[in-house]
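Q: Residues per chain are reported as follows:
There are 2 protein chains.
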Amino acid sequence: MGHPMCCRLLQAGHAVHVWNRTATKAQALATHGAVVHESAADALAQADIAITMLENGAVVHDVLLATEAARALPAGALVIDMSSIQPVQAQAHAQQLQAWGLRALDAPVSGGTIGAEQGTLAIMVGGDAADFDSAHPVLAALGRSTHVGPHGSGQLAKLANQMIVGGTIGLVAEALLLCQRGGADMGKVRQAISGGFADSRVLQVHGQRMVDGDFAPRARMTVQLKDLRNALSTAQSLQFDTPITTLLEQLYAQAIDHGLADLDHAGLFVELDKG
Amino acid sequence: MGHPMCCRLLQAGHAVHVWNRTATKAQALATHGAVVHESAADALAQADIAITMLENGAVVHDVLLATEAARALPAGALVIDMSSIQPVQAQAHAQQLQAWGLRALDAPVSGGTIGAEQGTLAIMVGGDAADFDSAHPVLAALGRSTHVGPHGSGQLAKLANQMIVGGTIGLVAEALLLCQRGGADMGKVRQAISGGFADSRVLQVHGQRMVDGDFAPRARMTVQLKDLRNALSTAQSLQFDTPITTLLEQLYAQAIDHGLADLDHAGLFVELDKG
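Protein chains in written order, with my numbering: chain A, 1 to 275; chain B, 1 to 275.
Be aware that one or more of the hints could be misleading.
Treat identical chains as interchangeable: a pair holds within one or across any two.
Said to hold, decoys possible - Here are the computed lysine-lysine pairs in the DSS-like style, where the Cα-Cα straight-line distance is at most 30 angstroms:
(1) Lys-25 with Lys-188
(2) Lys-274 with Lys-226
(3) Lys-226 with Lys-25
(4) Lys-188 with Lys-226
(5) Lys-25 with Lys-274
(6) Lys-274 with Lys-188
No lab work stands behind these hints, which were simulated from the structure alone.
Here the structure is a predicted model, which means the values were calculated and not measured.
Based on the provided sequences and hints, a complete structural model is requested.
A: Dropping the structure here:
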């Protein structure tokens with residue numbers, strides 16, 4: 001995701017300094033106009049805004065905080081973490097960055113590599129409203145950003161997004177399979193209910209994958225399960241009962257136990273088809 | 001629903017003969033150009049195509065079959081039942097009508113009164129392909145029709161539609177509530193995730209009702225529960241396991257036990273908010 005996002009920032013006229021744990025990934029951006037650095041601290045030294053896009057909260061902590069690389073930033077600089085991490089981690093990171101005289105936003109995204117390339121990412125932003133306003137010119141090059149609440153709220157919205165996507169995949173699969181078992185044509189049913197109240201991006205995209213039997217991974221079952229587990233652990237810490245997500249976590253886990261780990265998350269269809 | 005559908009047929013230039021168990025309902029269509037009859041058999045006597053839109057399968061059976069009113073139709077006439085009934089009932093009705101030398105389609109709809117008025121209903125059609133083709137000019141005045149399989153398949157597709165709608169309401173409610181519990185602004189979260197993979201008609205319409213706390217009934221909780229129970233009983237007869245719909249049936253039933261029967265089905269939000 002970092003590569004196309006960086007290209008969009010360069011195209012929008014921003015001066016971009018890059019660093020990556022894998023040097024070749026950063027180097028590949030030099031031809032697009034980015035200045036490549038050999039350490040995170042070097043890349044950050046002159047920045048008004050720092051953007052991170054990393055695998056999970058532990059990696060963000062390692063790269064920015066444990067190494068104290070973020071302290072290389074000029075006082076008052078804004079750190080926008082666009083990684084998908086747990087809300088409590090985002091809150092803790094913001095607290096540490098503020099203690100160092102920096103500002104922080106959590107800004108995870110939805111829309112995948114295609115959204116990153118086209119600058120159409122949905123960006124869910126948590127943090128102070130004034131910081132959101134100052135980030136807006138940069139985020140506008142990447143997609144449509146919405147300020148949803150205080151630190152950690154962007155990550156909450158991302159979890160909500162993943163809960164809805166993973167659950168809707170299960171619903172569409174169960175409904176299409178019922179039709180198939182009863183003798184209807186699943187592809188025709190998908191068409192017939194499109195445009196009505198049952199319509200969704202999942203019905204359009206993942207529903208079509210089910211009809212085609214195409215479970216080549218875009219987002220893997222394992223990633224969907226990780227997202228649902230993050231949602232459940234967040235719900236638990238808030239003492240909020242989530243019966244539907246609890247069931248979906250069980251179904252994805254069961255599918256993975258049955259050898260479907262490397263399928264696209266639409267592959268929950270294959271598991272439900274055993275029922 | 002019958003009233004606006006009849007008006008659309010008249011506007012499209014069809015000669016329409018009407019009958020209703022409640023005479024005033026039929027009478028209201030006279031000013032729009034319909035010929036009102038005092039019995040179902042009278043209304044059917046000259047028809048090429050008969051359309052029924054009734055409360056459930058038992059009522060369709062009473063009106064058309066138990067009374068033998070359908071036998072008043074000319075030989076080879078086509079009966080299009082647009083009521084939402086159980087797939088097994090639709091199959092049984094088709095069998096009886098065929099035994100009387102008539103043709104039959106099940107063609108339930110989604111889209112509500114607004115869809116009926118605007119002629120934008122999603123019409124899910126089960127039956128023979130040739131009968132679907134001959135029905136098309138009439139159905140085109142009412143909405144977008146799709147032939148999904150043999151007799152009963154239209155009703156299967158309608159159940160699939162209701163399973164997805166009822167389930168997506170639960171998912172959106174649970175996800176928005178998690179965000180609210182964590183301190184995010186639900187309305188902003190709904191906006192932020194719109195347009196991404198979590199987007200759906202339910203997120204747009206019912207999600208907004210949740211944000212607004214507007215649970216005035218359009219489709220009631222009790223109707224949603226009835227639909228889910230029909231889906232479960234159909235799944236059971238096909239020996240197909242539907243874990244997600246099974247959970248949703250429990251949640252809607254629990255909500256109704258807790259006094260939420262007369263809310264809109266988006267009111268599942270109120271039940272999940274107790275968790």
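Q: Under a CA distance limit of 30 angstroms, which applies to Lys-188 and Lys-226: within one copy, between copies, both, or neither?
A: Between copies only: 25 angstroms across, 33 angstroms inside.
Q: My question is about Lys-226 and Lys-25: at a cut-off of 30 angstroms on alpha-carbon distance, are they close within one copy, between copies, both, or neither?
A: within (25 angstroms within a copy, 55 angstroms between copies)
Q: Which holds for Lys-274 with Lys-188 at a C-alpha limit of 30 angstroms: within a copy, between copies, both or neither?
A: Within one copy, since 22 angstroms is at most 30 angstroms while 39 angstroms is not.
Q: Reference check for the pair Lys-274 and Lys-226, CA-CA at most 30 angstroms: within, between, both, or neither?
A: Answer is both: 23 angstroms inside a copy and 26 angstroms across each meet the 30 angstroms cutoff.
Q: I want to check one pair: Lys-25 and Lys-188. Are their C-alpha atoms no more than 30 angstroms apart within a copy, between two copies, both, or neither?
A: neither (44 angstroms within a copy, 35 angstroms between copies)
Q: Should Lys-25 paired with Lys-274 be assigned to within, between, both, or neither, using CA atoms and 30 angstroms as the limit?
A: neither (42 angstroms within a copy, 48 angstroms between copies)
Of the numbered hints given earlier, the model fails hints 1 and 5; all others are met.
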